[in-house]
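Each protein sequence line maps, in turn, to chains S and B.
Note that the first sequence covers residues 1 to 483 in my numbering.
Note that the second sequence covers residues 1 to 124 in my numbering.
Calculated directly from the structure, the hints in this document are not laboratory data.
Do not take every clue at face value.
[Unchecked claim] Which chain B residues face chain S? A few, computed with CB under 10 Å, are given here: (1) 3; (2) 4; (3) 5; (4) 6; (5) 7; (6) 9; (7) 11; (8) 12; (9) 14; (10) 15; (11) 19; (12) 22; (13) 95; (14) 98; (15) 114; (16) 118.
Virtual Cβ for every residue (Gly too), placed ideally from N, Cα, C.
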Amino acid sequence: MSTIAAREHHRIEAAGHPFVYLVPSGALFEVDETADAILQALSAGPRPRDEVVGALAARFGDAAVSETIGELMQLQALGVVATQPAAPRPAFIPLKPIPLQSMVLNVTNQCNLNCTYCYEYGDDKIVDTSNGTKPKFMSEVTAREAVDFMFTEAGDSPTAHITFFGGETLLNFPVLKKTVAYARRRATELGKHLDFSLTTNATLLKPDVIDFLVENRIAVTVSIDGPPKLQDKFRVFHNGKGSYDIVAPKIKELIGRHRTRPIGARVTLTKQTLDVKSIYTHLTEEIGFHEVGFAPVTNSGERDFAISGQGFDDMLGQFTELAYEFLEAACQNKHHGFSNVRETIGELHKGVSKAYPCGAGVGLVGVATDGDVNLCHRFAGSDEHKLGHVRDGIDRTIQAEFLRRHHIDNKTDCATCWARPVCSGGCYHEAHLRFGDTTSATLHYCDWIRGWTEVCLKVYAELSVRNPDYLRRFDDEPAERVA
Amino acid sequence: MKHLKSINQKAARVERHVMHNTPAAVATAAEHDVVALQRGGPPQQPSAPHIPLGCSLVFSPGWEADRTGGTAGLCQPVERDLFDCHIGCYWPAQVPDQLNHAPDWTNKCAAAQKDWRKIDLVFP
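Sequences are here, hints too, so could you generate the full structure?
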């Protein structure tokens, strides 16, 4: 008789029901008592099938247990223990050429703020933005070439997306303005749908700039850290003065007038500003942001603002509270602006199982001020992470090598982690700063990522019980945001 | 599935896939298709109901393949242009101009299966 074993899965409970998240498929099933008992019976290791049926027959009946084992086998939640090792499965490398969906244009590498923790200017920068050889501002010609490059690389894809980024993006407003006009004209000629977004620190949001953003339906993400005390700790001007008093009224004006696209806040969390709930409340209620997303500060791990062990637990606790606030709002079909939970749930809803953590170097690239094409905006200008140039296109050999080296199958550390369908090893930039190697998994985050994924799974599963109709809103969630 | 309920989109896809590939489902799907000239194996599109299209089930020549990619029961319009080629099909049939010169050309052909012999040649 055959010996059966549970395959990789992660069990959770939500709203009093048991669920299993299958790995690596990313499928989430609610299981009944029988199926749950079978999986539990196999939690210590493989057992002969007859023994499992025998042990559970008294509770559920012979036939029901056998039938459930059959169903679990079909869904690959259980498997027969093979006497021969399975043949290795080749890694699935995406078909080439991959259409470009998103281009992040670093229109300048200069900034009027001097945020201590900045990955572009701080101690952990990877490109010499102050005295380096790269131009400080992207020229109009390069920006146009970049637009042409994007449409060429987008191939047959009907949509394309441009994100303007910096430095402080609005320092190069003239080029931004002309680029939007040019890109729109080209998109119309080519019959493509094009949309724009922009990330800014809000210091330069003058009325004419706001008019332009409104007219052109440009989605805006504002980098802001919260109430004055927290914002002014790191987000300071070059003279050391805090920026809250300058940006707050401008953001309010932007939110008051820009109604065509939702305005989001993007918060960097540090050891000194780890007050997620009060930041969230301030940004949504006092300032009026539609959405707020948080990210722990990226650094080499040696900085005094770095979040470490206990800090991550703290952060997870506060994220969890907000996630359950989101759940209660969702159960009443109300909006809640905590975008981290929304994004993760969006992925869980689809059941993504990623070979790569993000679209960098695949569907998304960053373009530096001189037109160099890099993995993403965080690597803009880094020769080591260059994929090509806007005039020559993406070098397919480099891209293929990148895909081969960064595939999840090569991340040995991730091989037994149940959260890998969603995480897939984590941010390349994080890995580069922490371990000096983009191919490494972001091991300093593992506990936090698993904790957070579990919270989101539970929130999602509970929603499926309490308000299943709400989940349909995630059927067509847009692509990832740029942070 | 009686003991598991799919929650997310991936789970629904996995379940659909599994349900369509059970031996019983494969056999049922095969029963409902025209299999005369087709090889065995799982049907290519087992999920959709079999909706007869064009001449794949009715005698309406001009379709080169039915919706499963099969050719059983289809005409071979390369050999001859037949009735209905000029109405329901893209095939550029060499048939009389029914609008102007031969309006009554198919009058005697009520049902193509039975009456196709009654469609005669037209001489200008």
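Verification of the hints:
1. 3: holds, 4 Å
2. 4: Result: holds, 4 Å to nearest chain S Cβ.
3. 5: Where the cut-off is 10 Å and the nearest Cβ of chain S is about 4 Å from residue 5 of chain B, the hint holds.
4. 6: Residue 6 of chain B check passes; min Cβ-Cβ to chain S is 6 Å, inside 10 Å.
5. 7: holds, 4 Å
6. 9: holds, 5 Å
7. 11: Hint holds; residue 11 of chain B Cβ to chain S Cβ min 4 Å, cut 10 Å.
8. 12: With a closest approach of 8 Å, the residue 12 of chain B hint holds.
9. 14: Given a least distance of 5 Å, the restraint on residue 14 of chain B holds.
10. 15: At about 7 Å, which falls below the 10 Å cut-off, the nearest Cβ of chain S leaves the hint on residue 15 of chain B intact, so it holds.
11. 19: holds, 9 Å
12. 22: holds, 8 Å
13. 95: With Cβ-Cβ at 38 Å, over 10 Å, it is violated.
14. 98: violated, 39 Å
15. 114: violated, 48 Å
16. 118: violated, 50 Å
The structure does not agree with the numbered hints 13, 14, 15 and 16 stated previously, though it agrees with the rest.
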